[in-house]
Amino acid sequence: MTWPILAVLLLVPLGGALLILGLPGSRPRLIRICLIAVTAATLGLSVVMLVYFLAVPGSAASRLSGRANGQSLSQVHSPVTFQFQEQLSWLHTSSSLSQFHPAFNEGNNAFNQAGPPPINFSFHLGVDGLAVWLITLAALLFLVAAVVLSRKEERLKAFAVLMLLSEVGVIGVLTSLDLVLFYFFWEAALIPLYFIMIGWGDERRGRSALKFIIYTVAGSLFMLLAILGVYFITGAQTSVYTFDVPTLIAAQSFVSTTHATTFSLFGHSFPAMNPQDWLFLAFALAFAIKVPLVPFHSWLPDAYTSGKTPFLVFFAGIVSKLGAFGFIRYNLTLFPQASHLFQPLMMGLAVASILYGALAALAQSDVKRTVAYASISHLGFVVLGIFTLNIDGIDGSIIQMVNHGIVIAALFICVGIFEARFATRSLRDLGGLAKTMPVMAGMFLVVALAGLGMPLLNSFVGEFLILLGAFQVSPVWAVVASLGVILACWYMLRMYQGLTQGPLRAPGGPDESSVIAQAVGRFGRIDLGPVELVALVPLVALMVLIGVYPGPIIRYSRFSAAQYSQAVARGTVASPAARQVTTPADGQGRGR
Amino acid sequence: MNPTFTLVLAAIVLGLPTAGFLVNALTFGKLPKAVVAWMGPGVVLGSFVAAVVALVAMMSRPPSDRGITIVFWHWLNASVGSGGGVAAQAGLNANFSVRIDPLSVLMMLVITGIGGLIHVYSVGYMDHDRSFNRFFAYMNLFVTSMLVLVMSNTLVFLIIGWAMVAFASYALIAFWYERKSAVVAGRKAFVTQVIGDVGLVLAAFLIFLNLRGPSGRLLHTVNMQTIFDNVGPGAHFHQGLGPVGGGMVTAIGILLFLGAAAKSAQWPLHTWLPDAMEGPTPVSALIHAATMVTAGVYLVARFHPIYQQAPIAASLVAAIGIGTALMAGFIGCTQYDIKRVIAYSTMSQIGLMIFAVGVGAYSAGMFQLVAHACFKALLFLAAGNVIHAINDEQDIRAMGGLSQRMKWTFACFTVGALALSGIPFFAGFFSKEELLSNGLALGPAVPWLWLVGVTVNVLTSFYIFRVVWVAFKGEPRSEAAAHAHEAPPVMLIPVVVLAGLAAVVGFLNIDFAGFAPVTGFTSFLRPVLGVPSHQPSDLVGGLALLAGVVLSLGGVGIVWAVYGKAVISRELVPRRLPWLYQLSYNRCYWDELYDYTLVRPVAALARGVRTILEPDVVDAAVAGVRDAIATLADDFRTFQTGFLKDYALVFFFFALVGLVVLGLRLT
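As they're listed, the protein sequences go chains A and B.
Mapping of the first sequence onto the numbering used here: residues 17 to 608, in sequence order.
Mapping of the second sequence onto the numbering used here: residues 711 to 1377, in sequence order.
Just so you know, these hints were derived from the structure itself, not from any lab.
Be aware that one or more of the hints could be misleading.
Claimed, not checked - Here are the computed lysine-lysine pairs in the DSSO-like style, where the Cα-Cα straight-line distance is at most 27 Å:
| id | chain 1 | residue 1 | chain 2 | residue 2 |
| --- | --- | --- | --- | --- |
| 1 | B | K1183 | B | K1275 |
| 2 | B | K1355 | B | K1275 |
| 3 | B | K1117 | B | K1275 |
| 4 | B | K743 | A | K451 |
| 5 | B | K890 | A | K451 |
| 6 | B | K740 | A | K451 |
Turn these sequences into a full structure, and let the hints steer you where they fit.
This is the structure:
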């Protein structure tokens, strides 16, 4: 690939946002067409990226490094390989790139003199088998959201612009290979999301948006501190002062994580948490809020219930994945030892999310809330897979992120379809609708089945691998987590059957014709319309396709999963080479 | 066998019902009814023809060469090759591959043959239903799913088929979705099946992670043939799944049986089956008699290499099977819904099969499966004729006198009842005789298990002839019964064919020694299932036979005495032993027990999460933090007076503190 595809991927939605900003707000049709065209172009680009992506990059190094920091990568290999790398230096206070640890840059100590640590960050982009799929998913879901977005939506122009800006933020988070850049996009994505939340939705949206923003900003602040912590601690120990992610990942092999210090309390001495552990927790908090994991979830039901369908398609579909993405990309690679230390905690929270979300979903009468809690439960599986720290679990999580994005978007579209026709989402007011809307019932059935992990639909693949991974760590956790599968069957059927089966129950009912008349009066039709079909059919088709033939996704993801599990395996026992150079005194002494 | 030829055959067997489902589903009921009426049964019968061809092709091979594995596509491969700095790692590698061997061909024939007849019957039964197309879509999907289940050669696709069957059965049970009871029954069946699926998945994990090859190396395989080759006899501590009777293999056996119990409606996962009678009657015949419920028997027979290594698990299977057989037979004696009686009968008969495969009489269990598929489908379809004729009434108290008006149906139902009871020379006679004598020879040292099995015979013939007498004999007890008409040919012909099968299928297993190429059923399955470790002696076999027949006839005799001649009062048991009657009538209270110990607590927990934990704990904690910050902010606001002098004061104060601290550190 000779052209910077990732930068183009960022620029297209950004340019699209500027373009729509210039359009007159009085022409909604034009705005909508532009929005669809821009999101479709982004999807097209991401497909091109997929085509050129190498399943196993090791065999073709020429495509691998590109304009990357050749000097460093030639000597220290990051256990995770990135493709399509683009790097533009942004801010350097040190002109030299020789701040590497003496162990692999012996005899070059002249530069390691005392002085202010150099600041070094750059516009560095790159993707791996994890990010490519999430980027493609993001592009797909933004397109679906654009299709679902009604031309009659109030302040359509503003919505379209904000939506494209959040797409830039999301793709930025997924592509950035520099911690500062990552943090920039992470926060930048929040702003348009916040404005959409506060501007469009039901009457409780203000409160929901505030809750969401406070939660996420609180999490982000700790992460910002932790990013600085990573910078300084890694720098102090290895003399590599950089925000560059591949370099940092590589450098973690040389960072001391031994629990050398202890603190004593009431005469007993305990191993003190070392800085790595604190940094892990700070990152984990930000990501756990974003996912969200129980007990950091309380922003989610409100936000999902208040939001409009097009917003939820990409918000629930992709933004929640950013947390899971962060766990894999940053927690596992930057804090391998802490990942092992906190593995029981994180798996415990994941299992708690699975069961708690499932139970809460079971008790809701508002189907939108059911879907919201179901999302918590499903994402619990994703996090469970990540913190198995083995290849099966991580691979399953990557696949499950994609699957969940597809399923949750489709579920929100379905719920939105019912709401648009009947102006209610309560299981108490609705029922037996299969009779009046058979096509919708059929689609909804497939979506619900995918949601409960039906084989030959997409979720089964991911859940199977996740449980297989979890089983290798702890059969007990796997068994407890699989209770979530049983509960999922229960709450999904409760929702599906409640809406579509049983005696007909809807506003205007129980008379069939008056139900139809009311729905037509409110929405214009009773069964699926062309726009809704265009939005749902590709999602349903993907569910079937991935379920029947998951091979291609696995082909790309498994290599990255293997690399991540290898990166985190550095935390179990430090390799002999690392041992030799990682005494704290050694790192400190030479660095300063 | 020519692999390409077999591949084509297998593709036809699987592909035809799949195509039928897809065409029906993707046209959203727009297809003309006449097309569906031909296509629905046509694809299944076409599939049957292909299965017969596969049988003939297979039988032309020597017995040692009758198994062939065909890979359709590589579904998922999570292993990692070395390269790019990553070490090679064996991962889950699941193909969609099918196994064509005597056992799977037998199941294919049962599923497509009897299934095809039931499809034909359905054309008549569902004639007036407004969801005719949807019905055949689901029926074809069910056949596909069941075929995937029995043909799969990988654990993963076995699980996939297992779950697809669960869905198809849910969809068919809840077919009349406007009925609340059907919807609930469907959900109950599905959730129960998922519990079984989880057992199966966990068993698959254990096998995948622990199976070792002859060299002691972990195999990491889900290929069932590889698994069976490696757990076989001779596996010791560092091979296969560990030593005979070891914890690993026992756990796997029990988890597999969890799946089998859910599918085959065995205790403790049996309560969904009677409720499943909410589905249309052909569904009951297809799913709850001939195919789905027998999947558990197939599973245990298919995994017999594991059960042979796990005597404790196998004994548990046998005990649960026989216990369920007794319990279901006991419950069946007092039910009034004709379909529920047959449903409990199914549960009971499957219990016997599970007992047989549990004690190691695999081919006897499979033989009972085949015979049962014929006569139980017959009973359901004949009952369907009755129900159809009297306006969907299922209570036998509202029937009566139907033998006059529905002669053919009556005759066929009676053949089914005779076969079920094990009256000599009908199908059930041969299959049960083999089952019980094998059970006696192989059974654990406790012959009481066998005694229980024989006792079931009395119950069986009692409850089924009770139906015959009450429903068909006597005077019509309702307006509808008095004006019942015989079913149309499309519904009658499949019933008659099945009656013929029920009458003769038992002769399959008589060893026509010297009359080659006709071979007995047992020797047909021998390449897969092997030879039972103990053969019943002639004396034991003869005694078992005699006892079985006497007890069966005894059951008929009791019915005759109670319902025919009224020598014994019908109120005898209800009056003398009311607790026993109530226990039977109320289905041993299992539903109530599960409702109070499982369903309600979980539902209450869920409500607790929604009404207590979410608002009062989680949100309250968040609100608490928010309020604390707000209070803090209020406190700090007092500092922001806006007067320069105040700020200057604060500045000087902290500057002073800073200086003092600095000074202290310097000294």
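**Message:** With the threshold set at 27 Å, check whether the alpha-carbon distance from B:K890 to A:K451 stays at or below it.
**Reply:** Since the Cα atoms of B:K890 and A:K451 sit roughly 14 Å apart, the hinted pair holds (cutoff 27 Å).
**Asked** Keeping to a limit of 27 Å between CA atoms, is the pair of B:K743 and A:K451 held or broken?
**Response** Distance ~18 Å between B:K743 and A:K451 Cα, so the pair holds.
**Distance restraint between B:K1117 and B:K1275, which requires alpha-carbon spacing of 27 Å or less** = holds (22 Å)
**Asked** Is it true that the CA of B:K1355 sits at most 27 Å from the CA of B:K1275?
**Response** Violated. B:K1355 to B:K1275 sits at ~114 Å, over the 27 Å cutoff.
**Asked** Taking only the CA atoms, is the gap from B:K1183 to B:K1275 under or equal to 27 Å?
**Response** holds (12 Å)
**Item:** B:K740 paired with A:K451 [C-alpha distance capped at 27 Å]
**Value:** holds (15 Å)
This entry does not satisfy hint 2, going by the numbered hints stated previously; all others are met.
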